[in-house]
Every structure is written in C-alpha cells, then in structure tokens.
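There are 2 protein chains.
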Amino acid sequence: MNQTKRKDAKASKPLSRIQEANRKAILDAALDVFATSGFRGATIDAIAARTGMSKPNLLYYFKSKQQIYQQVLEQTLEDWLAPFEAIDPEGDPVEELRRYITAKLEMSSKRPEASKLFANEILHGAPVVGSFLETTLKDLVTEKTKVIRHWVGEGKLAPIDPYHLIFMIWATTQHYADFDIQIRAVAGSQAGRPGFSEQAAQAVLTIILNGIKPR
Amino acid sequence: MNQTKRKDAKASKPLSRIQEANRKAILDAALDVFATSGFRGATIDAIAARTGMSKPNLLYYFKSKQQIYQQVLEQTLEDWLAPFEAIDPEGDPVEELRRYITAKLEMSSKRPEASKLFANEILHGAPVVGSFLETTLKDLVTEKTKVIRHWVGEGKLAPIDPYHLIFMIWATTQHYADFDIQIRAVAGSQAGRPGFSEQAAQAVLTIILNGIKPR
DNA sequence: GTCTATAAGAGGATAGAC
DNA sequence: GTCTATCCTCTTATAGAC
Chain A
1 MNQTKRKDAK ASKPLSRIQE ANRKAILDAA LDVFATSGFR GATIDAIAAR TGMSKPNLLY
61 YFKSKQQIYQ QVLEQTLEDW LAPFEAIDPE GDPVEELRRY ITAKLEMSSK RPEASKLFAN
121 EILHGAPVVG SFLETTLKDL VTEKTKVIRH WVGEGKLAPI DPYHLIFMIW ATTQHYADFD
181 IQIRAVAGSQ AGRPGFSEQA AQAVLTIILN GIKPR
Chain B
1 MNQTKRKDAK ASKPLSRIQE ANRKAILDAA LDVFATSGFR GATIDAIAAR TGMSKPNLLY
61 YFKSKQQIYQ QVLEQTLEDW LAPFEAIDPE GDPVEELRRY ITAKLEMSSK RPEASKLFAN
121 EILHGAPVVG SFLETTLKDL VTEKTKVIRH WVGEGKLAPI DPYHLIFMIW ATTQHYADFD
181 IQIRAVAGSQ AGRPGFSEQA AQAVLTIILN GIKPR
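Chain order of the listed sequences is A and B.
With UniProt numbering, letter number 55 in the first sequence gets 55, and the count goes up by one each step, no holes.
With UniProt numbering, letter number 169 in the second sequence gets 169, and the count goes up by one each step, no holes.
Don't read these hints as lab results, they were simulated from the structure.
Be aware that one or more of the hints could be misleading.
If chains are identical, the list can't say which one is meant, so a pair holds when it fits in one copy or spans any two.
To be verified - No farther apart than 25 Å at their CA atoms in a straight line, the calculated lysine to aspartate or glutamate pairs in the DMTMM-like style are these: (1) K63 with E78; (2) K63 with E96; (3) K110 with E95; (4) K213 with D88; (5) K213 with D92; (6) K63 with D180; (7) K146 with D180.
Quick caveat, the model's predicted, so the values are computed rather than measured.
Using the sequences provided together with the hints, build the complete structure.
In structure tokens, the structure reads:
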C-alpha cells in the first residue's frame, strides 16, 4: 500500500500528539461520509462538521478532498485483506474457509462503512485502487486459487472453480454490509433481532460449506 | 411503481413519435451515466453528450436531473423483479431456483448497468426506492420465503433460512455485475475468455444447489 | 492551529431567440 | 423543439487575520 508521506518523515514533520489525534478523527469521520455519500456526494463540510472542525482547518491537515479519500481507502484495504491472507494452505480446507467467512461476516457487521466505501470505489470504476487490484490483489488471489485447487486435487473439496468460490464468498459476506438498508427493509422485524448476524453466518456457512464438500 | 404522470395523460400531452424516441434515448443514456457515476457524480451534460443533445434540450424533456433518475430507476425495477416473481410454488424447488439464478446471472452479464444503478441507490441509503423496498418488495419476499419454507417442510430442501438463501442469491448474482471491474482485474485472462459467464453460472449453481439439497 | 472571508469553478436550471 | 447565453447555488480551496 503506497503510503509515501504519512508519519514516516519524522525529520521534516514531527507530528504532535494532537495532530495525530486530529488526523485520525478526520479519517474516521471521512470513512463514514464517503461510505454513505460516495466521493462526489461527500463534502468537506460534512466531514468537518462530524469532527467539530471548520472546513479550512480540516484542509490544514489534508491538502485536498482527494487526498483524504485516498488515505481512508488505503487504511481500509489493509484490514480488509488480512483474513484473506491468513487462509492457511496447511490447514483443514473446510475449517479454513469457515474461519475466513466468519471473519468477513463479522467485519461486515461491525464496520459496514468500510465495506460500503470499497463497494463504492469499485462500482465507480476503481479510479484509485484500480492498479492495486491488478497487481497486489491479483497476485494474492492467484496464490489462493492454487491453494484451493490443491485441496480439490486431494479430494478434500468438491471440484469447483477457485475463482468463483472466492467471488461467492466476497459477494455474500459483503452483501450484508453494502445492502443493509435493503435487508432491513425486506426482513423487517427479523433483521432487528439480536441474533440476526449469527443467523446469517449460520446460513451462509451451511450453504457454502455444504456446497463445496466432496461427495 | 409510482408512475403518476408518464404517458398516461393522453388528453393533455399526446407525445409524438420523435418525442417518445428522444425520451427513450435520454433514459438509456442516463442509465449508463448514473450507473457508473452515481447520482451526484452524474452530470446532465454527460447524459446530454451521450445522446447528442444539448443540456437545455434534455431539460425540455425532463424537468430535472432528479426526475430522470427516478424514471430510470422505476423502469429498471420492473425488469429486475420479474424473474423473482416468476418462482413457481408448484414447481420443483431445485429447478425453480436454478431457473431464477440463471436468469439473474444472465441479466448481470447482459445489463450490468441496471444492477450497478440499483446497487448505488441502495448503498446510498435508498433515498428514492426506500418506500418501495419496505412495501412491495417486502411483501414479495415474504411470499417467497413462505414458498421456500414450505419446500423445506416437505423435505425437498435442506433446512435453511429462506431470507438468507434469497440474500445469498441476490448477492452472488449481482456481484458479477457490480464488481465486474474487480473481477476482471483479479481474474485477468480468465475473465476475458468467451465461456466465462457460463463458467460462473456453473460454479454458482453447483455450490448453492448442492448446499441446499436435503441430506 | 484555528478562524472568517473570499476567490474560482462546476453544474443545475431558466430565459428567450430562432 | 432546439439552440446560446446566463443566472445562481453549491463546493473546493486559498488568503490572511488572530
């Protein structure tokens, strides 16, 4: 992840504690605003208001709206991929995938804004993360497809295409964050109940894991 | 779908053939632009340019950007739900679901803009279709959950929650349209090949249908 | 560091000629 | 019906006082 000039340049810019706190507050607020409004829909005013700062003061910390957006995205991507990277080729296939799906569902439930931010970026043509997708992510996915293919070869999984399995997991898990409005509208009372997330996890795991068990 | 004043008011506004053609051209162009740029990101200029019209001329046909957006969405929703409504309670469960999933994947492949437009609308809080989701769609989904539950009761499907099965189908099928950029970036050469859509359909059907078969 | 004021520009919408 | 010109609002970004 390209983080050319953040807190590294200690020599030229020793950021104070308040400065770091302010930057973080801005990025947190920006995540929410960008997630629900998209890049164009978001305004610096809205982000500033959410942090209690004035608009020019916010631009004292980040030189442009674009820059805030990029940094929020970068920050988010790292967390986002961690559980995917953690899939262990040596582990039990079904158990590894169960762990991965569970982790992603938990992220969708606890930080839906992160998922929405990412969805927005891709939906609009991935102007910022496009090259990241074509390099880092592509390599990572290629690696994991090999792992899955190996599992299939050993007879530990049904013969499914690794790419589509991965896409399916991404789709289902992120859907609960990205389309939460629709889910709440449609499932109504059900979606409000406390155990709903767990119920979702149960259902997704049941279907996918049953679907890929060798028979 | 609320279509209070479209081509119904024949008495006050008998639209000519060219008028209808122009309106349609505008709505087609608008679908593309709104889908890739979102409501805020889209400009009347961009839509006008795509139709070869001038901005004011476009506003002769529709009185505001908002109005164009609403009509594009309404128009899209009808097509979007047709295959869902068509799920037949009397049919064979697995066969009905196979037909539905296949139809949705085909729509994602042939008209990804429609899916993206809808995704955008939901992602941003469903400002226009919110009430539609809470009424018409909710009722429709409730009806279909009963059908699925009935199938489960008869032992024709594994005991899965109907809501989550429906969400899963929506998620996976629409993912191929909404995230096509990511899919192409990650799957690279694979995604370019002619049989890719069919391969995707095969994989999705295999996993979901295996996942819900009674055992 | 944080504010008020304002420049600069994009984009939605209208007026009015043709 | 379609165009050119224009108005006006919203938003990004900067200048400069405190």
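We went through each hint and held it up to the structure:
no., hint, result
1, K63 with E78, "within (23 Å within a copy, 45 Å between copies)"
2, K63 with E96, "neither (43 Å within a copy, 55 Å between copies)"
3, K110 with E95, "within (22 Å within a copy, 36 Å between copies)"
4, K213 with D88, "within (18 Å within a copy, 29 Å between copies)"
5, K213 with D92, "both (12 Å within a copy, 23 Å between copies)"
6, K63 with D180, "neither (33 Å within a copy, 32 Å between copies)"
7, K146 with D180, "between (33 Å within a copy, 22 Å between copies)"
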